[in-house]
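Novice: Next come the chains, spelled out residue by residue.
Protein chains: 2
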Amino acid sequence: MGKRILVVGGVAGGASAAARVRRIDEYAEIIMFEKGPQVSISNCSLPYHLSGIVENSKSLVLMNPDSFKKRYNIDARVNTEVIKINRKNKTITVKDLVANSIYEEAYDKLILSPGASPILPNKVEGINKPNVFTVRNVEDIEQINNYLKENSVENVAVIGGGFIGIEVAENLRLAKYNVSVVEFANQIMTPFDYDMVQILHKELVDHGVNLVVNDGLAKIGDGFIETMSGEKIAANAVVLAIGVKPETRLAEEAKLEIGETGAIKVDSNYLTSDRDIYAIGDAIEVYHRLLHKPTRLALAGPAQKQARTVADHIYGKTNRNLGVIGSSSIHLFNLNAASTGLNTRTAEVAGFTYDSIYIMPTDKVGLMPNSNVMHFKLVYEKPTGKILGAQAIGKGNVDKRIDVIATIIMLNGTLEDLKDLELTYSPMLGTAKDVVNHAALVALNQLHGQYREVKVSQVRELVENDACIIDAREKKEYEAGHLKNAINIPLSEFRNRLAEIPTDKPVYIHCRSGQRSYNMVMALENLGYTNVYNISGSYLGINLYEYFNDLVTGREKIVTAYNFN
Amino acid sequence: MGKRILVVGGVAGGASAAARVRRIDEYAEIIMFEKGPQVSISNCSLPYHLSGIVENSKSLVLMNPDSFKKRYNIDARVNTEVIKINRKNKTITVKDLVANSIYEEAYDKLILSPGASPILPNKVEGINKPNVFTVRNVEDIEQINNYLKENSVENVAVIGGGFIGIEVAENLRLAKYNVSVVEFANQIMTPFDYDMVQILHKELVDHGVNLVVNDGLAKIGDGFIETMSGEKIAANAVVLAIGVKPETRLAEEAKLEIGETGAIKVDSNYLTSDRDIYAIGDAIEVYHRLLHKPTRLALAGPAQKQARTVADHIYGKTNRNLGVIGSSSIHLFNLNAASTGLNTRTAEVAGFTYDSIYIMPTDKVGLMPNSNVMHFKLVYEKPTGKILGAQAIGKGNVDKRIDVIATIIMLNGTLEDLKDLELTYSPMLGTAKDVVNHAALVALNQLHGQYREVKVSQVRELVENDACIIDAREKKEYEAGHLKNAINIPLSEFRNRLAEIPTDKPVYIHCRSGQRSYNMVMALENLGYTNVYNISGSYLGINLYEYFNDLVTGREKIVTAYNFN
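Chains as they are written, first to last, in our numbering: chain A, 2 to 566; chain B, 2 to 566.
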C-alpha cells in the first residue's frame, strides 16, 4: 500500500505536484481537492478569452478529472472545498459543495496549493454591483465575457495596472471595447522602472486605452466610475485587478506558521511548520535571491518548480533552493516587454550601491525588414559589476535578452561575463554584437569611469536650467524635431567646431540612439574636456519619456485623455 | 603626435578595430586598407539581396570612406591592396589598384583582418565559366543577381550546404528560381546532428529545393552540372559555397607563425608572433573553450570581440580570453534554427563521455495561436552533467533557448543550473516550464538512471527486428498513422492492459512528443518492469527522421527528387 498524498488546490502547482508524485510512485494514493469546478486550467491565459484569441473558453481547461484518473490514476475532486486541517489526526475535513456533505480524509503527506485571491478595495460604493468582476478562474472570465455581450457594454473600466489588469485591458481593447485603466501608483507594471514603463504607457494610449495613473477607484455608479480625484469615467462594467492576497485561512486556522509577508512560511523544501504539510504556489512566501529576504511572487514558473521539489522531498530527494529573482514577460499590443531581477527602484529600496544603463540598439541587423529598436536597461551593483536586473521592451524578442540576463543572475555573473557571452547571430534574428553584449560594454565603461552619463529622467531639469546640450545627429534629423535649447553639432562636424563646445561648464550630448554621442563623448574626453556627459536613452528615450509632455519640438503630439503627472 | 595604427581589411573585424582605436585615442593616426571597393559591408546579409529582402544592394554598405573620415577621422582607403609587410622597418607596402601605384606606410601597430576567401574545387571541368560564382562581397552578389536576371536564368545549382550555401539557396528559391543544393557530406549545416538536420532537409525539400547529399560537383556543363555520382542537374548558373580558407598569404610571407589549423596563430590578445602585429577575424585560429584546442570559426560576433580586445591591448588594457564555443543561428523559410557548443558528432570525435536528450515541447502555451512545436536537443557530459551544447529548430524563437544554453556554457553551468533557471514567461511568449528547464529535467532523469531512452536513429533497427514498441497515444491518433509493428496501448488505458506488456523482453514506448510515454515508462519502472525505454524524439521525431522513408504508415508521402540515403 502506497503513501496517501492529499493535495489542496488543483490548479498550476497542485496539479503539477500530484502528477510528479505519480511519476515517482505508481502505488501512491493521490487525491486532489479543488473548490472550483475545474482542475488544471491555464490561468495565465484567461484574459485571452476576452479578445477571442482563445475563442473557446473550454480550451482553457487543460485536463479534467476523468483524464487525471485515466492518465495518472489521480482522484481529482472538483467543487470540493477543504475546510479544515486536523493536524493531530493527520486528516482534512472536506465539503462537497454540490452534495453539500462533509467528510474526512486521512493523509500521510498534505500539499497545500490554495493560491491567492483577488483583493477587493475597501469601502467603495457600488462594489457589490453585478457588473463588477474579478479574474481568477474560467467562470470569472466567462461571466465577464457574457455580461459584456449580453448587455451590449461599450465602456469598461479596469482597476489596477498589474499583469492581470493590463492583459485584461489589452484583450478587451482588441475586442473593440472602450477601455479605461485606473492605476493608483504613478505607473503600471511595477517590474519596470518609471523611464521604461513610459513605453508601455504610450503603447496603451496609442491603442486607444484611456490610461489614468496616480488615481484610484472611489465609487462605482450607474454607467460610470468616479476616481479619488473626482474624475468621472464612463464604464458599464468594472474589472477589479488591484492585486491578490495569499489564501492563508486554512493554514492559519491550523496554526501553521505565517511569514512576515503575510503568506505561508516554508523551508527550503516547501515544508510548512508541520513536517507532514507542504505548501506551494501563490499562497507561500519565497526567498529572494538578490534581496536576501522573503517575498511573495505569484508566478507560474516558480510554482511548477516548487511542485516538483515537494514531490521529490516526500520521497527523500532534496533539491537545492536558489531562491527567486522574479522573471516575467508580457505581450502588449505590438510590443513585448520582459524583466528580471531588480530594477532601480527595488535596488534603491534594498539599499544596494548600483547604477544602470539604458541603450536602444536594433534587435536585428538594421537593413533587415523586421528590424526594430529594442529598449534595454541593465541594473548592476557597484563596484562589483554583479548583474542585478534588466528590463527590455520592443517589437522583437526582448524575452530572449532577459532570459540571458536571468541566466547570468542565477549563475552570479558580472558585467565581464555578460560582455564575453558568445551568442547566436544571423541577420534575420539578431546582431553580431548582441544587445546584451552591447549593454555590458556600456555599463563597464560607466563602472570604470571611462565615460559618464545622465539619465533620461534628468533631461527636463537640464533643459529648464539652460544646460549646454549638444545634439550630435545630422542637421536634417535635428530639424525634424529636437530638444528645446539643444544645439546641433553633428558627430561628422564636431572636430571642426570644437570652438563651439564650452570647456567651462558641463556638456551633455545625445544623438538618436546613443551611439554617435558616445563617440563624441569619448573624443572630447580624449581632447581634455573634463565635464562631458552622454545622455542615456538619447533622443529616442527622451521622446518616449517625455511623450506626454512638450520638452521636444517638432514631433506629432497625440491627443489623449491621459494626463501625465 | 599619436600612435600610427594601420589596419589591413575594412570589413567586420577591421572596421570595428579601427573605430574602437579612435574611441580610445582621439590622437591616433588610423589608416584602414581594403582591397575591394567597399569598407564596412554587412557580409552576413549578402544572400538576402538575391531574394529582394535587401532590395537595394547599396544598403549592404554600412559606411563609406567619407563617413569614416567625418565620424571617426579614420582614413579608409578602398581598392588598396596591402602586398607586403616589412617587419624590420615596421612598414607595409601598399598597392593602389586604381592608380596602379605602389607606396609604403609606416606603422606603430599593425592589425591584420584579411578575412577568408571561398574555396574553389580542384579540377572541375567548367569551373572557370562566366556563370560560376562565389559570394564574398557586394560585387559578387550583384554579379550573381545581374547574371541571373540578364540571362533569364531559371535553374541554379548551389554547391555546398553550409551557412552561405543554404542562405543563398533559400534566397534564390524565394526569388522563384529552381534551386538545387549539392552537398558532399550526408547532411547540410554541420553544427546540427544528423537527426536534427533532417528537419532542415525537409524544410528545403518542402519549399521545392532539390537537395542532393552524399554527392559532389564533378563537371559544369552547358545548362547543367554533373555530380560525382553521375547525376545531371539542370543549372544555368552555379554558386560555389563549399567553404572558406583563411587569407594567410601576407602573414606567411612575413614569416608570422601559422597555426596547426592553417590559420594565423595568435596569443590571448590576438597578437601574432610579431609583438607589433595583431590579427583578427576569419584569418586566425581561435581557442575552443570546450575542445581545449585551436579551431577556426568564421563568425561575426567573435570577430567583433577580437577587434575590441586588440584596440584595448594596444593601449595597455587586457581582456580575458574565454575561448569560443561556436554559437550560430539561421532563418530558413518558415523555420529558425540555432546551435551552440558541441553536438554529439563533435563530442564523440573529441572523446567526451556524453549523452544527449531530444525533446519537442511547444514553444508557447499550447492554446495560443502562435504556438508551435520546438525541437530541442541537449548534449551534456557524463557523469558531471556539464552542458556541452544544444540545438533547437522550430518556427518560434529557438535562438532564445540556445542563447540561454550558450550563457550556461560560458559560465560552466550544469544540468542542475539549467533546471533551476527562472526564466520569463507569459502565454504569448513561452511556457511556465521553459523548453530549457524541461530539457534539463529529462537529461537529469537520464543521467541519474531514473529512466532510459533509445535515440530516434535506433528506431529503424528496432522496427526491423520486431522489437516490442508501444504507441502510448490515443487510438484515433494511432489510426491516423503509426510506426510499423507498433502496438497501441494508450497511457489512459495501460493500467488495465498490463497483461499485454511483456516482461521478458525490452519494451520501447513512444507517444506524440514524449510526455505521455515518459509517464508510462516511469509507471512501468515503478511496477517492476526492468527493461523499459522511452523513444527519444517520439512520433514527431521519428516522422521527421524517417521523412524520406517508409517506416511510418498513414502519413502523406511527399514526392521529391531528393534521395535519402
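Check the hints yourself; a few may be wrong.
A pair holds if it fits inside one copy or across any two, identical chains being indistinguishable in the list.
Unchecked claim - Straight-line alpha carbon distances no greater than 30 Å define the calculated BS3-like cross-link-like pairs of lysine-lysine that follow:
id	residue 1	residue 2
1	K485	K130
2	K318	K434
3	K150	K476
4	K96	K256
5	K434	K266
6	K318	K294
7	K4	K434
8	K318	K476
9	K476	K71
10	K396	K233
11	K434	K246
Since the hints were made in silico from the structure, they are not lab data.
Novice: Which hints from the list above does the structure break, by number from lowest to highest?
Specialist: 1, 3, 8 and 10
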